[in-house]
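Colleague: Line by line, the protein sequences give chains Y and X.
Numbering that gives the first Met the number 0 numbers the first residue of the first sequence as 0 and each following residue consecutively.
Numbering that gives the first Met the number 0 numbers the first residue of the second sequence as 0 and each following residue consecutively.
It should be emphasised that the hints constitute simulated quantities derived from the structure, not laboratory data.
Just to be clear, a hint being listed does not mean it is correct.
[What the hints assert, rightly or not] Within a straight-line C-alpha distance of at most 25 Å, the following computed DMTMM-like cross-link-like pairs (lysine to aspartate or glutamate) qualify: (1) Lys98(X) <-> Asp93(Y); (2) Lys27(X) <-> Asp94(X); (3) Lys98(X) <-> Asp94(Y).
[Unchecked claim] Which stretches of chain X does chain Y cover? Using the computed rule of at least three CB atoms under 8 Å from a CB of chain Y, they are: (4) 8-16; (5) 40-54; (6) 71-81.
[To be verified] Some chain X residues flagged as far from chain Y (calculated, every beta-carbon gap over 12 Å): (7) Leu174; (8) Glu175; (9) Glu177.
Values in this document were obtained by computation on a predicted structure and should not be read as measured data.
All residues carry an ideal CB built from backbone N, CA and C; glycine is no exception.
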Amino acid sequence: MLLNQFLILAAALFALGIYGLLVRRNIVLILLAVELMLNAVNINLIAFEAVLNTPEAIGQVFAIFVITVAAAEVGIGLAIVLLIFRNRRSANVDDLQLMRY
Amino acid sequence: MSLTDWISEPINWFFAAIGLLVLVSAIKVVTARNVVHSALFLVATLAGTAGLFIILAAEFVAWVLVLVYIGAVIVLFLFGIMITRAPTGTDEGLDNQGKVIPALLSLTVFGLMTWASLDAFGSREIVSGGEVVSVEQIGESLLGRFVMPFEVVSFVLLAALIGGITIARRDATPLEEEQGARS
Numbered sequence: 000m001l002l003n004q005f006l007i008l009a010a011a012l013f014a015l016g017i018y019g020l021l022v023r024r025n026i027v028l029i030l031l032a033v034e035l036m037l038n039a040v041n042i043n044l045i046a047f048e049a050v051l052n053t054p055e056a057i058g059q060v061f062a063i064f065v066i067t068v069a070a071a072e073v074g075i076g077l078a079i080v081l082l083i084f085r086n087r088r089s090a091n092v093d094d095l096q097l098m099r100y
Numbered sequence: 000m001s002l003t004d005w006i007s008e009p010i011n012w013f014f015a016a017i018g019l020l021v022l023v024s025a026i027k028v029v030t031a032r033n034v035v036h037s038a039l040f041l042v043a044t045l046a047g048t049a050g051l052f053i054i055l056a057a058e059f060v061a062w063v064l065v066l067v068y069i070g071a072v073i074v075l076f077l078f079g080i081m082i083t084r085a086p087t088g089t090d091e092g093l094d095n096q097g098k099v100i101p102a103l104l105s106l107t108v109f110g111l112m113t114w115a116s117l118d119a120f121g122s123r124e125i126v127s128g129g130e131v132v133s134v135e136q137i138g139e140s141l142l143g144r145f146v147m148p149f150e151v152v153s154f155v156l157l158a159a160l161i162g163g164i165t166i167a168r169r170d171a172t173p174l175e176e177e178q179g180a181r182s
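Next up, chain X with everything else stripped away, as it sits in the complex (with noise of 0.2 Å):
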């Protein structure tokens, strides 16, 4: 497929705007000097990244996205740095000295992922316009096939429901726990 070919599908306009915005966010987060336009630079890349799921006619995961990442995670995090108290303004302390060797072994990585992925999958093509998955199927999927490893899921979720409430919870102090069991 020639580089005409690719740019007279209208499709492809929207995943080179979308996949800018979630390249340059993600750098913007690995990068900026203060942490939280960090966490709201990961806001953009999830919601350029929900974005391109709706490309590829995943609608229910790209809202499961929004509304578990940008609803939730991120407001976690956000809280994780009030409570924290991690230096609002810029601050020069956020990174490492040595970025030389990180840079050279994440383009390695990507190097290598994309020779890989260019190697194996040349020229396929994802065709365009198929049928969206709809939400029944998924749904039938995870109550039949894959009803033990959504049950799985569930316990995970619950174990680190309880896990979080018992390590961040402040301890009595040895006064607090006499006059507890006092009155």
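Just chain Y, same shape as in the assembly (with noise of 0.2 Å):
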């Protein structure tokens, strides 16, 4: 196997995180593609620690400390797009102007 074949599936999954978070109008869907992003990341930890194999594990490691935090983000975020769509009745971006000038 190469190196280079994981990371360039993960650069696609980056690609197409970033794309979605652009294109996206709906707060659910925009962080969807958030996750997609921190998949990437995810792999790209993974294989570079099959790699390296170091003694302590560091990249497996480090790659669960992204999924925590992402899980963490997560709930906060679905808290603040609750709260948002309490408020505004949508849950499009388009629609939170209040800050805008």
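Assembly of the complex is requested from the two constituent chains, each provided in isolation within its own frame, with the hints serving as guidance.
Modeller: This is the structure in structure tokens:
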């Protein structure tokens, strides 16, 4: 196995995440795109760990940290989405122009 | 390494199959016209990623991914979709009008990253069939060298838990507060 096949796949996932982040209007779908990008980072960490074979499995430990922080981020993010929806009756980012000018 | 060499390794067939699944479902995540389908395609992407982790001899992280992401995060997303009553049928209003610039931007990022990794790790190989990292190793690392980040992450989770409850809680209306004070 080449290292690059994993890195390029992760790059493709990351680019798709950026695309989704910019194209989607629904906040929940934007959060889904962020998850795709975090997932790409995890693939990179695990692939480098497989190459370097550190005695303390540093890459895997960092991947676990990333997964944990992503879980916390989703929890807070969806709570904020819920609050916005309760106040504005909408989950579209276009409708949140209160702080624009 | 030539293409025939690459194909002759059986583990690369698994990689090709799983990589294709991951890519196709990731494309569907960002293009699906249905919010629930988008979330379910993310499940396929994450399951494929777990398969890649198993190919890379990272079993523990693969199962953590399945448990935390597919088990918890996706369920949270589905609840979020249901509660915000985002249109569950096909909807044209899910995307912005301009898609050319985001597509160009993400293609540029992909091209740059691909070029950088090809430049840096041209034909660097991962030795397959290496030793699987044991859970014991990860546990000793987590509670040894990385015990401080581990504690910080646990604090982040606690803060997110309390913060999530505080943010999403429905505040009592003045009338309800009055009744609560009376009783």
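Colleague: Please go over all the hints and tell whether each is borne out by the structure.
Modeller: Hints and how they fare:
Only pairs whose Cα atoms come within 25 Å are accepted, and Lys98(X) paired with Asp93(Y) is accepted, the gap being roughly 15 Å. A threshold of 25 Å between alpha carbons decides the hint, and for Lys27(X) with Asp94(X) the separation of about 13 Å falls inside it, so the pair holds. For the hint pairing Lys98(X) with Asp94(Y), the CA-to-CA distance comes to about 19 Å; that is within 25 Å, so the pair holds. Coverage of the segment 8-16 of chain X by chain Y holds [criterion: at least 3 residues with CB-CB distance below 8 Å; count 4].
For the segment 40-54 of chain X, the stated coverage by chain Y holds: 7 residues have a C-beta nearer than 8 Å to a C-beta of that chain, and at least 3 were required. With 7 residues carrying a beta carbon less than 8 Å from a beta carbon of chain Y, the segment 71-81 of chain X meets the three-residue requirement, and the given coverage holds. For Leu174(X), the condition that its CB be more than 12 Å from all CB atoms of chain Y holds, with the nearest at approximately 18 Å. In this structure Glu175(X) is separated from chain Y by more than 12 Å, as the shortest Cβ-Cβ distance comes to about 16 Å.
The claim that Glu177(X) lies off the interface holds: its Cβ sits roughly 22 Å from the closest Cβ of chain Y, which is beyond the 12 Å cut-off.
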